[in-house]
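Taken in order, these protein sequences are the chains called A and B.
For the first sequence, the numbering used here begins at 1 and goes up steadily by one.
For the second sequence, the numbering used here begins at 114 and goes up steadily by one.
Hints in this document: simulated from the structure, not taken from any laboratory.
This list has only true hints and no planted wrong ones.
When the alpha-carbon atoms are kept at most 20 Å apart in a straight line, the in silico SDA-like pairs for lysine to any residue are as follows: (1) A:Lys57 / B:Tyr209; (2) A:Lys3 / B:Gln158; (3) B:Lys171 / A:Pro99; (4) A:Lys57 / B:Gln211; (5) A:Lys57 / A:Arg44; (6) A:Lys57 / B:Ala114; (7) A:Lys3 / B:Gln155; (8) A:Lys55 / B:Gln211; (9) B:Lys162 / A:Tyr103; (10) A:Lys57 / B:Ser116; (11) A:Lys13 / A:Ile77; (12) B:Lys182 / A:Pro99; (13) A:Lys71 / B:Gly212; (14) B:Lys162 / B:Tyr140; (15) A:Lys3 / B:Gln151; (16) A:Lys53 / B:Gly212; (17) A:Lys3 / B:Leu161; (18) B:Lys171 / A:Ala98; (19) B:Lys182 / A:Ala98; (20) A:Lys71 / A:Asp26; (21) A:Lys18 / A:Ser80.
Computed list of chain B residues with no C-beta within reach of chain A, every gap over 12 Å: (22) Ala130; (23) Tyr140; (24) Pro168; (25) Lys174; (26) Glu179; (27) Gln195.
C-beta atoms are modelled at their ideal positions from N, C-alpha and C, and glycine is treated no differently.
Below are the chains, spelled out letter by letter.
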Amino acid sequence: DVKVTQSSRYLVKRTGEKVFLECVQDMDHENMFWYRQDPGLGLRLIYFSYDVKMKEKGDIPEGYSVSREKKERFSLILESASTNQTSMYLCASSLLTAPYEQYFGPGTRLTVT
Amino acid sequence: AQSVSQHNHHVILSEAASLELGCNYSYGGTVNLFWYVQYPGQHLQLLLKYFSGDPLVKGIKGFEAEFIKSKFSFNLRKPSVQWSDTAEYFCAVNIYNQGGKLIFGQGTELSVKP
Chain A
1 DVKVTQSSRY
11 LVKRTGEKVF
21 LECVQDMDHE
31 NMFWYRQDPG
41 LGLRLIYFSY
51 DVKMKEKGDI
61 PEGYSVSREK
71 KERFSLILES
81 ASTNQTSMYL
91 CASSLLTAPY
101 EQYFGPGTRL
111 TVT
Chain B
114 AQSVSQHNHH
124 VILSEAASLE
134 LGCNYSYGGT
144 VNLFWYVQYP
154 GQHLQLLLKY
164 FSGDPLVKGI
174 KGFEAEFIKS
184 KFSFNLRKPS
194 VQWSDTAEYF
204 CAVNIYNQGG
214 KLIFGQGTEL
224 SVKP
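Okay, chain A solo, but in the shape it has when bound (with noise of 0.2 Å):
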C-alpha cells in the first residue's frame, strides 16, 4: 500500500512565523505536489516537484516555497505565514508515467491567527 504521511494533523501559527509542513512517501514516487483545499475551490495546486531538486509553480505559489532534497521528502514553506494561509493542505505523489494516479496523505489543517 501506498502512503504518504504529513508530519502534522493540526497546526497553529501565529501571523509572521515561518512553517514547514512536511510530506513523506514510501513508493518511490517521482511526482509529489501540494495543494491547498478550501471549502467551494476544491483542490489548488501550490507547488510540485518530478525529482529531487526540481521544482514547479503551480496556480497559487505566491507566498509559498518548497524543498526537495530526498525523493521521498517534500516540505511546502510559508516564509511568513498570513491569515489567508488558514487552510487544509494536501501531500499527494504520483509515478512520472500515466496515467498518473494522485495517492494522497491525511492533510494538515493549519490554522493563522
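Based on these hints, arrange chain B on the given structure of chain A.
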C-alpha cells in the same frame, strides 16, 4: 486555461436513491480522468479512473463513470446510495503530455439521509 467543472455543489439524497454527479472539462485533446472521494475526517482516495479503452469505468463501492468524449464529460453514477456514501467527491483531469499534474473540480458534497 484548462478547467474542470462540477455542476452540483451539494446534493442531498435518501438512501436507495440513484446518484449522478456531473463533471465537465475544457480540453479537446487526450485526457486521463479520475474521481476521488473524501469521507469525513479521512484523506482523499481514488474511486475510479479512465485511462483508455472502455469508456464505462467501474470503481470501488459500486460506483461507475462514463467518459463521453464528444461532451467532454465524465459523470459519476451509483444506482443505489447508502448512508456511508456521505462524502465529498472530486473530479480530476490529467492533460496528455503535460506531465503528472491533475486539475481538480470544485467538489460536490453528497449527504445521504438514512
